[in-house]
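Engineer: Here is what each chain is made of, one letter per residue.
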Amino acid sequence: MSGVDGVALAVLTVLFLLVTVMGFLATRWRRPTSMESLDEWGLGGRSFGTWITWFLLGGDLYTAYTFVAVPAAMFAAGAVSGFFAVPYTIVLYPIIFVFMARLWSVSHRHGYVTTADFVRGRFGSRGLSLAVAVTGFLATMPYIALQLVGIQAVLEVVGLGGGSNIIAKDAPLFIAFALLAAYTYSSGLRAPAVIAFVKDFLIYLVIIVAIVYLPSKFGGWDAIFSAAEQKMATPNPTDGKPTGAFVPGAQAHWAYATLGLGSALALFMYPHSVTASLSAKDRNTIRRNASILPAYSFVLGLLALLGWVAIAAGTKPIGLDGKPNAQLVIPQLFEDSFPSWFAGVAFAAIAIGALVPAAIMSIAAANTFTRNIYKEWLKPDATPQQEAKVSKLVSLLVKAFALVFVLALDKQNAINFQLLGGIWILQTFPAVVLGLYTRWLHRWALTAGWAVGMVYGTWQAWQVANPRAGINHFGGSLSEIPFIGQMGYIAVTAFALNLVVAVLGTFVLRAAKAPEGEDETIRGDYFADAGDPRVQKVLQPLHQETPNP
Amino acid sequence: MSNVHTGHDGEGGAGAVDHDTVPPANKKLLAVAGVLLALPVVALLWVGSYSRVEPRLWGFPFFIWYQFLWVFLCSALTYTAYRIVLRARPHRAMTGPSAGDRTGEQA
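Chains as they are written, first to last, in the working numbering: chain A, 782 to 1330; chain B, 51 to 157.
For the record, the hints were derived by calculation from the structure and aren't laboratory data.
Predicted model, so just to flag it, every value in this text is computed and none were measured.
Ideal Cβ positions, reconstructed from N, Cα and C, are used throughout, including at glycine.
Be aware that one or more of the hints could be misleading.
Claimed, not checked - Now the stretches of chain A that chain B is said to cover, found in silico as 3 or more residues with beta-carbon under 8 Å:
{"id": "1", "region": "849 to 857"}
{"id": "2", "region": "994 to 1003"}
{"id": "3", "region": "1038 to 1049"}
Pulled out of the complex, with its shape left as it was, chain A reads as follows (with noise of 0.2 Å):
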């Protein structure tokens, strides 16, 4: 891989141009009379229809980072770490199905912009509140960073950023960086709202004519599925155990199973998932979206799948320093197998397939501080107009913090939070999703459930080594499950865990009647609906009565 592919980068210059004009355009899309609201700027005035929930969250949740870790991970290590990917994004729809529903609804009544908005309201507790927004904040971070190695690892292959000096080699990321944060600022949700119409159908027509025409070229699907065997079958150099898994053995079951599921559940506790989800214009938007949002499973299959044909094609991934990286294999294979000019439609899909959720989880992470932080603890009597303020700001400082993370820091250290995020993130569920349903669970149970979940995990985490890699900490995401004594997901063990220490906590203080705090909420708010009025939040003084419109 010596010098730039002219063609592939033209193409992946106009295409980046074309959806940076269409981001500062976004502002004028269903303009609001004030942009200056966090429901208007962060939430994109709470207005968006089925279709348009579909691209948003569909751009939203399969990440530019999915697209190349998922490929990468069934290229290196095989269906267990890569796969599982498809079971996870198919239990995901019947469980959002199930509770984000109530949680719009409820977030529609008292204008909650995000799940620590909500357990404020519904257990009156400030702590908790803190703690799932904190969480929150903490989890979208990296995930912002690593939409950045999604963009690099484009840019790395068309044979930019290899220059010796740090100016050449990081100014092409800073510049799309840049971009971005100046329409985000400008636009809002709108934004990646209009540019993931454009990320989609460049994402799905790449993956098609991928699946379609590569099979051909490498022998046909027989050849491919055999390279792939023989290379997971392959005892690696390292342990002498083999490459990776073909399909699951019988020990692997129980890993697959809880790689599938956790991630399922952790999903939708992303502040980025909850800001799509509620900038849903009514309460079924959302379930609706649950029975077409498989769309992007099956191709994140295919995409999946690509990883294999890697395999079968010989491909290479050797980066600009010269060392292998298996992230690199999807662009890489773009590279080697399609003509230059649709090399470049490919890396455009991937370098703005990481636009889109960047901006989500920066307006979401945004969101998140200004209202649990900023409102909560700083300046509780700001106006609405200070709070887009400082999320506009926030929104800018996030990115910021990511591209510093990337480009200072070892991508490994963007990785290994990543995992962390996901676990962490899980931690979250009890008081965000059974406080939906219920109020028995006691606000310091959930906290303090929350703490042993957050601690344990991350103890697990840190505790994984990866020999093959060489590395001593944070090597995986899978741990023994005690009492099973299988491998399994650490996040789905500390959630157990979590979920044990909050009902026993509950039961403890119950009996010794401690405070429950003040509930805001009122059965029917779960199911209100779009044509619902909202609820009128009072300042001064309590018990008066709220004046009517």
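With chain A's structure known, arrange chain B on it following the hints.
Structural biologist: What follows is chain B alone, placed relative to chain A:
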């Protein structure tokens, strides 16, 4: 912070709906929807039922094509559950500017 709604404790007149209740639903239909939604989860978490290579379909190992098949099944089941849920629990409109505030109640 006092983002607390008021009027919650006011008593409504005759025929007024108490919104601090779960809207009525056909429990049997809800249970059917619940089963439909549970099917894909159970099927896919039961990894032992599909972690094998044979029978192949167009060269694809069973493990691969079976999971692809569930993408479509899950989509169909979720959509069916959606139709059922809509029927099982019709929306009960909330009235008045705040929860339980019956001053805006309509007949």
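Engineer: Take the hints in turn and mark each one as holding or not.
Structural biologist: We went through each hint and held it up to the structure:
1. 849 to 857: violated (count 0)
2. 994 to 1003: holds (count 3)
3. 1038 to 1049: holds (count 3)
Of the numbered hints given earlier, the model fails hint 1 alone.
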